[in-house]
Every structure is written in structure tokens, then in C-alpha cells.
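Visitor: Here the protein sequences line up with chains B and G, keeping their order.
Using numbering that gives the first Met the number 0, read the first sequence as starting at 0 and increasing by one per residue.
Using numbering that gives the first Met the number 0, read the second sequence as starting at 0 and increasing by one per residue.
Please note that the accuracy of each hint is not assured.
Only some residues are given here: those of chain G computed to face chain B with a beta carbon under 7 angstroms [as the list claims (entries may be wrong)]:
no.	residue
1	50
2	58
3	75
Note that these hints are calculated values from the structure, not bench results.
Every residue, glycine too, gets a C-beta built ideally from N, C-alpha and C.
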Amino acid sequence: MNWWPFPRRRDEHEADLDRELRFHIEERVADLVRTGLGEAEARRRVRHEFGGIEQVKDDCRDAHPARNFADLQQDLGYAARMMLRDPAFAVVIVALLAMGIGASTSVFSIVDAVLLKASPYPSAQTLVRVEETSTSRKLPGIPVRHFQRWADRSDVFEAIAPYIRDTVTLTGDGEPEHVVALRSIGLFPVLGTTARLGRTLGPVDDQESATRATVLSDRLWRRRYHANPNIVGRTIIISGEPYVVAGVMPPEFEFHYPETDLWTPLRLTATSPWIQVAARLRRGVSIPQAQSALEVVAYQIRKEQYKDYAGLRIEVKPWRELLDESTSRLSFL
Amino acid sequence: MITEKSDLPQGTLDLLILKTVALGPVHGYAIAQRLQQISKDVVQVPGGSLYPALHRLEARELLEADWGTTESGREAKFYRLTSAGVAHLEAGSASWKRLSEAVGLILGSAEGGAR
Numbered sequence: 000m001n002w003w004p005f006p007r008r009r010d011e012h013e014a015d016l017d018r019e020l021r022f023h024i025e026e027r028v029a030d031l032v033r034t035g036l037g038e039a040e041a042r043r044r045v046r047h048e049f050g051g052i053e054q055v056k057d058d059c060r061d062a063h064p065a066r067n068f069a070d071l072q073q074d075l076g077y078a079a080r081m082m083l084r085d086p087a088f089a090v091v092i093v094a095l096l097a098m099g100i101g102a103s104t105s106v107f108s109i110v111d112a113v114l115l116k117a118s119p120y121p122s123a124q125t126l127v128r129v130e131e132t133s134t135s136r137k138l139p140g141i142p143v144r145h146f147q148r149w150a151d152r153s154d155v156f157e158a159i160a161p162y163i164r165d166t167v168t169l170t171g172d173g174e175p176e177h178v179v180a181l182r183s184i185g186l187f188p189v190l191g192t193t194a195r196l197g198r199t200l201g202p203v204d205d206q207e208s209a210t211r212a213t214v215l216s217d218r219l220w221r222r223r224y225h226a227n228p229n230i231v232g233r234t235i236i237i238s239g240e241p242y243v244v245a246g247v248m249p250p251e252f253e254f255h256y257p258e259t260d261l262w263t264p265l266r267l268t269a270t271s272p273w274i275q276v277a278a279r280l281r282r283g284v285s286i287p288q289a290q291s292a293l294e295v296v297a298y299q300i301r302k303e304q305y306k307d308y309a310g311l312r313i314e315v316k317p318w319r320e321l322l323d324e325s326t327s328r329l330s331f332l
Numbered sequence: 000m001i002t003e004k005s006d007l008p009q010g011t012l013d014l015l016i017l018k019t020v021a022l023g024p025v026h027g028y029a030i031a032q033r034l035q036q037i038s039k040d041v042v043q044v045p046g047g048s049l050y051p052a053l054h055r056l057e058a059r060e061l062l063e064a065d066w067g068t069t070e071s072g073r074e075a076k077f078y079r080l081t082s083a084g085v086a087h088l089e090a091g092s093a094s095w096k097r098l099s100e101a102v103g104l105i106l107g108s109a110e111g112g113a114r
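With the rest of the complex left out, here is chain G (with noise of 0.2 angstroms):
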């Protein structure tokens, strides 16, 4: 679970958050409820996280906001992203993905060095 502080590293949360946006415009409930589905339950972002990080990424204008209607017909607030938001995602995920393969290397030659 991310509390507050988040246990994840620096910017991991607003990767997530990126991500999800970049499927569709999408309101804060929801992505909450993506982060939890598709994480399968490891990734749960209180609310008190999750505005914050909305917030921030709206005036980094990397993700805009427009209020709109849900299927249920109830005003939210719905996000996409920019095209700097899509930039930053790429970037972002590519280097997520060369840090976790190069510490999944690292942990594994360390468990082989063991045995």
C-alpha cells in the first residue's frame, strides 16, 4: 500500500498515475481503483496521496482537467494527458524499466553468489 509518504520510490506515483490516465479520461475515483485492480491490491493510493499528486501533475501541465459527466450521470472531475504528460510517461517508463531490470540482475547474481 502507498501511505502518505509512499513507500515507492520518488515519482513512481505519478508513473502509475500517468499510465492509467493515458487510457482514457478518467476521474480520481477511478484511477484509485485501477491502481488497486490492475496491481492487484499491492497498489493502494489513499486519497490524501492521490489528489496531491492530481494537483501536481496539473500544473506541471502534464495532465489537464474538464469536468464531466459519469455513466451514472454524477459530475467529476476527468483528467488525460497532455502531450508533455505523454512524453514524460515514455520517458518515465523507460527508465523504470532499465532501473528494474539492472536491480533484478544485482538481486539475482547476489542469490547465485550465495549459494
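Bound conformation, chain B alone (with noise of 0.2 angstroms):
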């Protein structure tokens, strides 16, 4: 009567080791008794002296490695035969066990890339988000006439990045297409990346008199220029105004707004729209030490312009926040 389904041998080897331990243990009792020691009192001696029986068996399967291989190739062999006596059912068990793991595996690569990949710039603890808020309404960004009394504040920012969302025209190459443009300066020092061909915009681009520049989009790159490896160095038109290719990005790459296309500087002056920052903290410098050197700031606004301004708060979030709100929609799953 065999009903357990694994080859013998191993039962054998079990039973064996059995044996072997029990007849041990009986023999000792029994010295144990002649020498004039109760039954009951001889067995517990015999267990304390033993240690942990099934420890000790344990310790007896691993000392022979070799036999536990055998004994795989067995199960091996096993399981091979009894697919092949009923091939329908073996079929109905791999494709029950590929949708489990192949589901899993799904679930894991969107929560890799959303959540253990989310942030993909260096050091991203000291990377933040300056916004303002108000009581009287919501603010979609902040006035560049607010920005301008804190963006020397090098004591407390190592570097800042202002930056907006601008729809632009791209023409030549092909028909007219609007893409979407981030408009920057010094983004890229403070996030820390680079580019996979040619550079990304650096401060002699923010400079009033130089060539403007532009950074594509792998995926412009290659909708629109064919991943034309020479495109650094060609002149495109945006928007009616010529800029220089500097660089592709890597796919992987986004910033804010996943549909970005092209990077390009921002020219600030006082009437332009508002705009969001980044930026990176001074070594040293938490996140509440930096709200409150904006407070100082944020209490002379409220001051100054309470009609507008009233309630109004400089707020320094964790980037990482950020990325969590865009991701939440996720957790459904």
C-alpha cells in the first residue's frame, strides 16, 4: 500500500534513520533502568541527553548532499511520467501556474516602475518643490515678482530651477506639429541627469545672448527626426524661432510632465506667466529650515499686497511627494 506518491527510497532512507535513533534511545533507557532508575525518569534523561530529535535527524539528511540530489532527480523523473500519463491535465497546471506567475510579474513591473523606480534623479531627498498657497484661492504656480525675492537665496538652495509647461509649434522636418515644451533654467544641474546623446541645457544657455538650445524627447527623436544619430548640432525651428539641437534625452527620462518633447531655456522677466520651481537643497538644509527662511518672505508678501495676498504660504515639499500624488491613482491595484 504506497499511496504516497514520491519514490521510495527516501521513505527507506527515513524509516532507517528511525530506527537507528530509536534503537539508540531504547538501549539506553534500558542501561538506564539496570542501574536502577525508574522508566519514566530513565526516558526523560534519554531526551535531555539527545537533544532535539528532530534537530538531530535533520543534521543526519544534510550530511549526506549527494543523496538528497538523487532523490531530486527522482521527483524529477516523478513528475516527468505522470505528465506525460495524463498530457491534458499537465497542460491545465503549467497554464494555471504561467497566468499566476505571469500576473504577479505584471503587478511587480508596474510597482517597480511606479513606486521602487519613482525617483529617478540623484539624490532625491534634498530635491524639492517650492509652491505657494493661499486661503483666498488657489494658486496654479507662483508670480515671478515672488520668485525674484527669494532666488538669490543660495544660503539656503544650492540651486533653483523655475520652469513652465508651454505648447509650442515645430515646423520644417515634416508637417507643423504641436508638442509640448518645458521651459527651464538650470533644471537639469538640479536634477542631476544626462543626456544619451549630446549634452543637456547647462547655464550658458540661460545667458540673454546665447544661441538658444533645445533638448528632444527620445520619443520626438525618433517620431519626428528618424533617431537620426547627427541631429545634435542641427538647427530646428520652434515656434518661428531657430534653436540649436544640444541633446537627446534617454527614454527613461521625465520631469513633471510626462508628455514633455523638447527642453528648452526660459528667458524670465517680470510680466511672464507663473512659473513652477524645483529645487535642490544646501547640504545641511531640511525641508523646515527652508520653509522657514521663505516665511520671512511669504509674511513681507502678505504684508505688502494683503488684498491679493492674504493667507499666503511659501510651501518646500519633498519632490517625492510630488510623485506620489501622480502615482495614487495607481493603488487600485
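Each of the two chains sits in its own frame; use the hints to bring them together as a complex.
Guide: Shown next, in the form of C-alpha cells:
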């Protein structure tokens, strides 16, 4: 009666081991009884001498690695025979396993992409976002006049990057096309990311007199410029203005607006639209410290422009939090 | 007493077991008893150390085992030395003797120097 569907050899080894240890225990008990001990006391003492019997068995099994490997081979052989005996059943099981593994892998891929790799920028803990909030109304960004009051706080921020989202028209190289451009000052130094082709935008490009330069997304580079490896240095027309292509970003790079296809320098004037601000905290400066430095500025603005900015606050938030906001819609997973 | 982790240098318990088995086929319980008797109760090997050691030696083919009957008519697993086991025992005994003589020399000379 061998109902247990595994090969016999392992059973034999187990039975042998059990018999061998039991023999030892019985002999020892008998000897102790012969010296005048009660049987219960003798058993108790032998149990104590022997230690945990299952532990001893485990140690004995571990002494036979080759035997364990042989068992594995037998199990695999047995599995193969069973699958051949009932192929339909085997196919169903394999399909179920495949679906199960597939489902968990895809969920993991999403979680991995969304949560674990959520911060693609170096030293993400010092990367912050500065926002204005007001009790009187919702603010879509920071007015340039406000930004200029603290843009020089290099004691708090190592680097500050104001940016705006803009829709531009690409002409030349085919049909005119509307794409999203992110215009910024000093954004790439703040993020610390590099281009896959050519270079990113730097301080040189932010000077008034500089030739206008632009960086393309991997997507745009492939779609409109057919992944041309010699694109760097070429001039393209963005909303009627010539820009020299400085570089192409890696495909995984995205910042704030995933639909961005172009990055260009931002020329700030007092009449510029409201800006967004990303910044890198100076080493050793905490978010609350940065926050209270900006509170002084907010206090002045509240006093001077109390009609428009009663209850104004300038908040410093970890960039991480922004990412969490944008990914929380995936939480139904 | 040899505890689970063994107070004796690595490999010594193996050597003692091989020597005991060399006297003739013997089961685990008798090995433990003989070690204790011969060493005048200094060496006491608990089952938790003895049996893993026996199985290790069996897996290394220094020992082989068969089921047999004891004098009292009980079935027991008897171990005996293989030829590899004999060679291992000889080499091991020789190097143990060399080592213990060397240790004795050093300890003896240190004693003399301290005086």
C-alpha cells in the first residue's frame, strides 16, 4: 500500500534513520533502568541527553547531500512520468501556473516602475518643490515677482530651477506639429540627469546672449527625426524661432509633465506667466529650515499685498511627495 | 564531554569514531559507550553529535553500514570501516600524534622557562 506518490528510497532512508535513533534511545533507557532508575525518569534523562530528535535527524539528512540530489532527480523523473500519463491535466496545470506567474510579474513590473523607481534623480531626498498656497484662492504657480524675492537665497538652496509648461509648434522636417515644451532655467543641474546623446542644457544656455538651444525627448527624436544620430548641432524651428539641438534625453527620463517633448531655456521677465519651481536644498539644510526662510518672504508679501495674498504661504515639499500624488491613482492595484 | 559544537579540534571526533569502528562492526550506541569507557568517562558523545558524524562519514564513504542483529536479538545499524576509512584513520592518527607531541613539547618547555 504505497499511496504516497513519491519514490520509495527516501522513505527507506527516513525509516532507517528513525530505527537507528530509536535503537540508541531504547538501549540507553534499558541501561539506565538497569542501574536502578525508574523508566519514566530514564526516558526523561535520555531525551535530555539526546537533544531535539528532529534536529538530530535534520543534521543526519544534511550529511548526505548526494542522496538529497538523487532524491531530487527521482522526484523530477516521477513528475515527468506523471505529466506524460495525463498530458491534458498537465497542460491545465502549466497554464494555471503560467497565468499566476505572469499576473504577479506584471503587477510587480508596474509597482517596480511606479513606486520603486519613482525617483529617477540622484540624491532625491534634497530635491524639493516650492509652491505658493493662499487661503483666498488656489494658486496655479508662483508669480515671477514673488520668486525674484527669494531666488538668490543660496544659503538655503544649492540650485533653483523655475520652469513653465508651454505648447509650441514645430515646423520644418515635415508637417507642422504641436508639442509640449518645458522651458526652464537651470533645471538639468538641479536634477543631475545627463543626456543620452549630446548634452543637456546648462548655465551657458541661460544667458541672454546665448544661441537658443533645445533638448529633445527620445520619443520626439524617434518620431519626427527618425532617430537621426547626427541630430545634435542641427537647427530646428520652434514656434518660428531657430533652436540648435543640444542633445537627446534617455527614454526613461521624464520630469513633472510626462508628455514633454522638448526642453528649452526660459527667459524670465516680470510679465512671464506663473512659474513652477524645483530646487535642490543646500547640504545640511532641512525642509523645515528652508520653509521658515521662505516664511519671512511670505510674511512681507502678505503685508504689502494683503488684498491679493492674504494667507499666502510659500511651501517647500519633498519632490517625492509630488511623485506620490501623481501615482496614487494607481493605488487600486 | 564533547558537546554539540565539540570542544575537540575539528575532525577529532571523526578520528575517534573511525578508531572505535576499526575494532569491528559496531552500532552507534556501542560506539558512544566504548568512547566513554576507553577514555575513562572523559569523552562523552551525545547522540546529537554522534549520529550526524556517523552519517557524514558514511556519505564520505569512510564508513559503510548494514542492518544486523545484536546479541540481545535486536535489530541495529552496524558500521564498519571501508578501505578509504582505514587509510583516513592511519593518516589521521599519525598527524594527531605528531601534533600532540609538538604541543606537549611546547607546553613542557614553557613550564621549564617559567621556573
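Visitor: Each hint needs a verdict: does it hold in this structure or not?
Guide: Outcome of the hint check:
1. 50: 5 angstroms, holds
2. 58: 5 angstroms, holds
3. 75: Since chain B brings a Cβ to about 5 angstroms from residue 75(G), closer than 7 angstroms, the hint holds.
When each numbered hint is compared with the structure, no violation occurs for any of them.
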